[in-house]
Amino acid sequence: MKIVVCIKQVPDTAEVRLDPKTGTLIRDGVPSIINHDDKAGLEAALQLREKFGGTVTVVCMGPPQADVALREALAMGADDAYLLSAREFGGSDTYATATIIATALKKIGFDLVITGRQAIDGDTAQVGPQIAEQLKVPQVSYAEQLEVEGDSVIVKRQYEDQAHMLKVKMPCLVTALSELTEPRYMHVGGIVDAYNKDITVWGFDDLKDDLNPDWIGLKGSPTNVFQSFGKQPKAAGTVMAGLSADEAVAAIMEKLIERHII
Amino acid sequence: MSKDIYVVIEQRNGHIQKVSYELIGEATKLAADMGEQVVAVLMGYQIADKAETLIHYGASKVLVLDEPVLEHYTTEPYVKGIEYVIKNYAPNVVLFGASSIGRDMAPRIAGRIHTGLTADCTRLDVDVAKYQEYLRKSTNVPEDKIIALDTSDRNLKMTRPAFGGNVMATIVCRNYRPQMATVRPGVMEMPEKDTSRTGEIIKVDAGLSMDDMNVEILDVVRSDKKAVDITDAKILVSGGRGVGGPEGYEPLRELAAELGGEVASSRIGVDSGWIEKSRQVGQTGKTVHPNLYIACGISGAIQHLAGMEDSEFIIAINKDETCPMMKLADLGIVGDLHVIVPKLTEAIKAYKASQNV
Amino acid sequence: MDFKLDKSHLLQQQLFRNFAETEIKPLAKEMDEAEKYDLDLLAKMQKYGFFGIPYSKEYGGCGADTLAYTLCMEEVSKVDASTGITISVHTSLCCSCINNFGTEEQKQRFLRPLIDGSKIGCFGLTETNAGSDVQGAQTVAVKDGDDWILNGSKIFTTNSGFADTCVVFALTDRTVPAAKGLTAFIVDLKEMPGITVSENIERMGIRAASNCIVTYENVRVPADRVLGPIGKGFKIAMGALDCGRIGIAAQAVGIAQGALNEAIKYGKERKQFGKPINSFQNTQFKMAEMQTKIDAARLMTWRAALAEDNHEVFGPLAAMAKLMASDVANEVTRFAVQAMGGYGYCREYPVERMMRDAKITEIYEGTSEVMKMVISGSMKLK
Chain A
1 MKIVVCIKQV
11 PDTAEVRLDP
21 KTGTLIRDGV
31 PSIINHDDKA
41 GLEAALQLRE
51 KFGGTVTVVC
61 MGPPQADVAL
71 REALAMGADD
81 AYLLSAREFG
91 GSDTYATATI
101 IATALKKIGF
111 DLVITGRQAI
121 DGDTAQVGPQ
131 IAEQLKVPQV
141 SYAEQLEVEG
151 DSVIVKRQYE
161 DQAHMLKVKM
171 PCLVTALSEL
181 TEPRYMHVGG
191 IVDAYNKDIT
201 VWGFDDLKDD
211 LNPDWIGLKG
221 SPTNVFQSFG
231 KQPKAAGTVM
241 AGLSADEAVA
251 AIMEKLIERH
261 II
Chain Y
1 MSKDIYVVIE
11 QRNGHIQKVS
21 YELIGEATKL
31 AADMGEQVVA
41 VLMGYQIADK
51 AETLIHYGAS
61 KVLVLDEPVL
71 EHYTTEPYVK
81 GIEYVIKNYA
91 PNVVLFGASS
101 IGRDMAPRIA
111 GRIHTGLTAD
121 CTRLDVDVAK
131 YQEYLRKSTN
141 VPEDKIIALD
151 TSDRNLKMTR
161 PAFGGNVMAT
171 IVCRNYRPQM
181 ATVRPGVMEM
191 PEKDTSRTGE
201 IIKVDAGLSM
211 DDMNVEILDV
221 VRSDKKAVDI
231 TDAKILVSGG
241 RGVGGPEGYE
251 PLRELAAELG
261 GEVASSRIGV
271 DSGWIEKSRQ
281 VGQTGKTVHP
291 NLYIACGISG
301 AIQHLAGMED
311 SEFIIAINKD
321 ETCPMMKLAD
331 LGIVGDLHVI
341 VPKLTEAIKA
351 YKASQNV
Chain S
1 MDFKLDKSHL
11 LQQQLFRNFA
21 ETEIKPLAKE
31 MDEAEKYDLD
41 LLAKMQKYGF
51 FGIPYSKEYG
61 GCGADTLAYT
71 LCMEEVSKVD
81 ASTGITISVH
91 TSLCCSCINN
101 FGTEEQKQRF
111 LRPLIDGSKI
121 GCFGLTETNA
131 GSDVQGAQTV
141 AVKDGDDWIL
151 NGSKIFTTNS
161 GFADTCVVFA
171 LTDRTVPAAK
181 GLTAFIVDLK
191 EMPGITVSEN
201 IERMGIRAAS
211 NCIVTYENVR
221 VPADRVLGPI
231 GKGFKIAMGA
241 LDCGRIGIAA
251 QAVGIAQGAL
261 NEAIKYGKER
271 KQFGKPINSF
281 QNTQFKMAEM
291 QTKIDAARLM
301 TWRAALAEDN
311 HEVFGPLAAM
321 AKLMASDVAN
331 EVTRFAVQAM
341 GGYGYCREYP
351 VERMMRDAKI
361 TEIYEGTSEV
371 MKMVISGSMK
381 LK
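Going line by line, the protein sequences match chains A, Y and S.
Here this note's numbering is used: the first residue of the first sequence is 1, the next is one more, and so on.
Here this note's numbering is used: the first residue of the second sequence is 1, the next is one more, and so on.
Here this note's numbering is used: the first residue of the third sequence is 1, the next is one more, and so on.
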């Protein structure tokens, strides 16, 4: 069974801070990590390989520094890795990104593609389904459990209030939730091996036979940024004294409703 | 020429989800700015009788796709249905609720149609002047950047959070139609229901059949409640010295349950044996960043504040007006938590009951 | 000469740091108070290769190097010094002996399970009358046919409470000084009759680490478990201790950096006289001094590690690193407690434990005085 896992290197958003003066992100010193949902997908792939045999390939689209994310995946146990990196790919929205990744996946070949449900920087959850559309394979997103049975996958697909157990024939694509599995750590020896392996780097030239240059990069992105800005910094709070219990409750209710908490 | 704002209605087991009404309301506002109409797209099985309610909430037209294959949501039949509608009716804008259904369906459709999609929007604008006002009032964008915006731009401006909410981005889709967006539930205003409203209900045959389903539904499983780590909870109701004893946490538990959150504690409750250590927030406990932190009877020693000061919204209930937690809180209520908390729980129960559509 | 870590070492450091923060740190206080090491935690570390870092893949190790090992030692010791010594005694004392002096058969049979994560090792050298003066050893091994019969008692054997394998040193010839009369043996603590392991010795620090008296009473050891040439035990032990000192130096650097990090974190939030205490120049200057000393100790540790990896003479370098690092660890942990004031003294915060843990680094695997003997011995002073 050939499993291909798509991973993204993202800044650890728990560490990201906004510069209060410029409203832009302070990225210096913020560590980069493999996106949580993707890592869970990778762990699930490694477990499936342990159970059923086959190979686990990791693919990442990103700048050259995304190399370290792929090394980490190899050190966890992936068999081989591809980095899709080119100037021409820069500025891609989710549609253009999915186009590039799908082109690479067709070239690599697969039985099962696993992506994360969403990345913690973009937060769109769009790339996985858009890759599936370009590959013309069935998709199941929000996977909470993933098993293989013969030539099909069995997925527990999470809805907010319930879950569906779905059976899908391979080839297909599954998007993983971080609760799918607890990812393993890298093995020390695995890291040594990871840096002795070659990561295949594909730029525009490697994919150009199957890639329409009008559909990639900033130019090929149907959506563009009109404006971006930081969160409004917190204003000082209000203290209300001398209220009756009912008045206090009313004041709290107003805030809960206003903030759509209830 | 693409025209009108289409709202893809989300129904589960025949119940129309609240977000769909919110979207009809929002679409109505946009339609007014654009001089266009709101069209609801209702998909399901034996669902046609629900169409009228959509008109009562503001849709001028409802396209109904009523097929056995649409009884339970699966990706391909629903995507095919919307694809048919888009290709045959040419909408200008298509909106989806950003639920696990909308976020599964919309990107696939956008990919198939080859158009732009913006995810999890919290604000939609067509009129640039209104958008400029929003920027002035609610953001730090400098004035020179605001007035530089092209006021003739009539594209849908879709504003959404990124980087875990640390950054907001406004996205446009200039060269492709329809403009598509998934919209965060619980953000747009619910419209008023007017049972005197009338509109068109059209049955659409998208050529769907059971063969369109490429997945097999083996089973439907109800949600099982797992043990919650307080660092995962979006809402925390936390108790301190003021709670007074183990039974003091009961009202907090009820409030947390009503809000769909979890109970937490400062150190004193744990040290006194009133509640388990795993619920302790603070420098030697856990660090939390919930959307809402309700601090009941917690004075706010630095060791506790260090564990929760990044919470989105903090409400403090305490008898001491001058305590540090009051200074940190977004809303500080000087009062007796033993009286206020149970009353608050009742008020929330009553509100939720009144909101059931 | 590059003072920066390369990409592979950086990724290893990331692994050790994440693991230490997530898996070890939450357990450190509990283990210290119970004076018991968490064996599930141990098994996890074995699974990820932490117990075979600098050894060849040929025998089941990770194929990394001494530098990687010091990175592991520093990161784990930042959160728990007991974990540090557990790994160090196994890796630098027990495994290095077998790696450097074992026959091919012994390496496959004894080294492999130790470094592939299946078994834990320890090192039986110190006795009640033989600490700094190793030659005061009284444990004896008497030939009986092809076997040896061991009698005696070793004290302060780290890991012996749960270890499988022990490299133990006994006198095979009592007519000559121990420098010529000691021999190394590989024993199985769990399987060989006659071996008794005591309860954990009650100590000031590194309390979670297992540290016991091991008594050998007519223990029969087959000839194929003699490690290295007969009478060469002293040389083998001294070689192991050279390796061990690099590990201890790294442990001490970790303790120091961990303590300073805690003090810095606290000082950002703790306000007195209207501002965070990190705003006061005295605090800033003291912290600058502490970080400078930690950096110096760290670089000395790396230098010794690189010398070992390059097969250069590294004993005096290791001694210097340990001498420096252990002194720094004691100074920095004492500062950290002071910087955190009354709270630093409370067991709820980790720095009092770090201060208790730091002391032993000046004592074991060669006291600071012995380090000065080694260093001055290499300086051609006479």
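Just so you know, these hints were derived from the structure itself, not from any lab.
Just to be clear, a hint being listed does not mean it is correct.
The calculated lysine-lysine pairs, modelled on DSS-like cross-linking and capped at a C-alpha distance of 27 Å, are [to be verified]:
{"no.": "1", "chain 1": "Y", "residue 1": "Lys277", "chain 2": "S", "residue 2": "Lys29"}
{"no.": "2", "chain 1": "Y", "residue 1": "Lys343", "chain 2": "Y", "residue 2": "Lys234"}
{"no.": "3", "chain 1": "S", "residue 1": "Lys36", "chain 2": "A", "residue 2": "Lys51"}
{"no.": "4", "chain 1": "S", "residue 1": "Lys47", "chain 2": "A", "residue 2": "Lys197"}
{"no.": "5", "chain 1": "Y", "residue 1": "Lys286", "chain 2": "S", "residue 2": "Lys232"}
{"no.": "6", "chain 1": "A", "residue 1": "Lys255", "chain 2": "Y", "residue 2": "Lys343"}
{"no.": "7", "chain 1": "Y", "residue 1": "Lys18", "chain 2": "Y", "residue 2": "Lys349"}
{"no.": "8", "chain 1": "A", "residue 1": "Lys2", "chain 2": "A", "residue 2": "Lys167"}
{"no.": "9", "chain 1": "S", "residue 1": "Lys47", "chain 2": "S", "residue 2": "Lys36"}
{"no.": "10", "chain 1": "Y", "residue 1": "Lys3", "chain 2": "A", "residue 2": "Lys219"}
{"no.": "11", "chain 1": "S", "residue 1": "Lys143", "chain 2": "S", "residue 2": "Lys232"}
Ranges of calculated distance between the beta carbons of each label pair, as one might list FRET restraints [unchecked claim]:
{"no.": "12", "chain 1": "S", "residue 1": "Asp40", "chain 2": "Y", "residue 2": "Glu133", "range": "41 to 47 Å"}
{"no.": "13", "chain 1": "A", "residue 1": "Lys107", "chain 2": "Y", "residue 2": "Thr122", "range": "34 to 40 Å"}
{"no.": "14", "chain 1": "A", "residue 1": "Glu50", "chain 2": "Y", "residue 2": "Arg197", "range": "41 to 47 Å"}
Keep in mind the model is a prediction, meaning the values are calculated, not measured.
Where is the CB? At the ideal position from N, CA and C, for every residue including glycine.
Which hint numbers does the structure go against, in order from smallest to largest? Violated hints (numbers, rising): 3, 5, 12 and 14; every other hint is consistent with the structure.
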